[in-house]
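A.B. asks: All chains should be modelled from the sequences, with the hints used to inform the complete structure.
2 protein chains.
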Amino acid sequence: MHERGRYDKETIHVGHLIEGRPVVIPTFHWRVGDTVFWHGSSASRMVRANAAGGQVCLTVTIMDGYVLARSGYNHSVNYRSVMCFGTPRLVTDPDETMATLKAFMDKLVPGRWEGLRPPNEREMKATAVLAMEIDEASAKVRAAPPGDDPGDETWPIWGGVLPVHTAAGAPEPDKYVEGRFEAPATPFAKR
Amino acid sequence: MHERGRYDKETIHVGHLIEGRPVVIPTFHWRVGDTVFWHGSSASRMVRANAAGGQVCLTVTIMDGYVLARSGYNHSVNYRSVMCFGTPRLVTDPDETMATLKAFMDKLVPGRWEGLRPPNEREMKATAVLAMEIDEASAKVRAAPPGDDPGDETWPIWGGVLPVHTAAGAPEPDKYVEGRFEAPATPFAKR
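Protein chains in written order, with this note's numbering: chain F, 1 to 191; chain S, 1 to 191.
Check each hint, because a few of them may be wrong.
It does not matter which identical chain is meant; a pair holds if it fits inside one copy or across any two.
[What the hints assert, rightly or not] Straight-line C-alpha distance at most 30 Å; calculated BS3-like pairs for lysine-lysine:
#1 LYS107 with LYS175
#2 LYS140 with LYS107
#3 LYS140 with LYS125
#4 LYS140 with LYS175
#5 LYS125 with LYS102
If you're looking for bench data, these hints aren't it; they were derived computationally from the structure.
C.D. replies: Here you go:
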């Protein structure tokens with residue numbers, strides 16, 4: 001993943017059980033070594049369910065394009081996806097919390113953490129950080145032209161890939177910036 | 001969703017239970033009325049688990065931008081997300097299968113279905129289509145500038161939104177096209 005799409009937009013979903021049924025929630029994640037972190041409101045069902053020690057499945061997917069073949073059934077998608085399984089723990093040590101939130105910010109906007117208004121106690125109480133060592137993971141990648149059946153290639157229709165990627169728009173300063181500060185570099189791929 | 005992002009790239013994840021643990025899998029989906037469809041290899045664990053009648057959670061998320069506030073904890077994301085719950089059924093009627101796969105193709109590339117090499121029996125056996133009436137759904141949207149704490153707005157750092165969107169790359173014809181056919185219009189947003 002690192003090589004091919006470091007700065008691509010990733011949508012991550014965390015799946016877990018709430019009262020015995022699967023619930024899939026979008027969230028951000030970040031990684032330090034072999035530990036994956038995510039966070040949420042301390043009061044949320046997600047955090048309470050995750051902190052209770054059940055197993056979760058964390059899936060990240062980036063779509064790279066539609067693959068148009070000559071038969072409907074051979075249509076596909078170019079994508080990169082990782083599925084990780086493990087049992088999260090709630091991060092309770094304030095030093096670990098601060099260190100990992102800094103790592104999160106450094107991933108999004110390097111250098112920003114140092115310039116921010118420091119966290120206060122109310123904020124630290126309201127937000128919970130979850131950590132998961134990855135017990136098991138599987139990655140899938142498709143990056144190829146259509147896989148048509150032999151003989152189908154000459155069917156009279158266009159075949160190939162319609163690529164798609166993540167692009168950054170112009171930064172939108174809020175009304176308090178008043179031209180005093182530069183926007184940070186976008187963390188998204190430029191192409 | 002329809003109004004704001006009809007042609008945005010959507011990453012959908014389906015969460016379900018396999019041997020009692022949550023598993024979250026990326027897939028395409030399409031909708032006809034109040035029924036959501038997805039498909040997979042007939043032999044896959046996902047299809048077998050879904051066809052067995054357990055409840056699933058289907059989550060679609062589009063990220064629209066990073067929201068940079070003056071404190072770390074007030075950072076956020078602009079996004080649109082829908083979570084749907086229901087119990088899928090396997091589509092077994094060949095006419096329903098064909099009609100819904102045509103609807104799927106019409107969503108991706110309007111008009112393409114009619115020009116394709118028609119499905120054969122082997123293909124129809126190898127691919128399973130799942131249908132789910134939506135029992136329960138919830139949508140979440142954030143589309144706003146940073147929500148800073150009162151007094152934080154003047155902290156000396158840039159605040160605002162770093163927008164992100166889905167962009168189409170140039171179509172990549174495969175080697176059999178040889179300039180004979182035009183690529184279809186991209187189904188992705190152009191900006």
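A.B. asks: Hint by hint, note whether the structure agrees.
C.D. replies: Do the hints match the structure? See the list:
no., hint, result
1, LYS107 with LYS175, "within (26 Å within a copy, 39 Å between copies)"
2, LYS140 with LYS107, "both (23 Å within a copy, 25 Å between copies)"
3, LYS140 with LYS125, "between (37 Å within a copy, 24 Å between copies)"
4, LYS140 with LYS175, "between (43 Å within a copy, 25 Å between copies)"
5, LYS125 with LYS102, "within (17 Å within a copy, 51 Å between copies)"
This entry satisfies every hint, going by the numbered hints stated previously.
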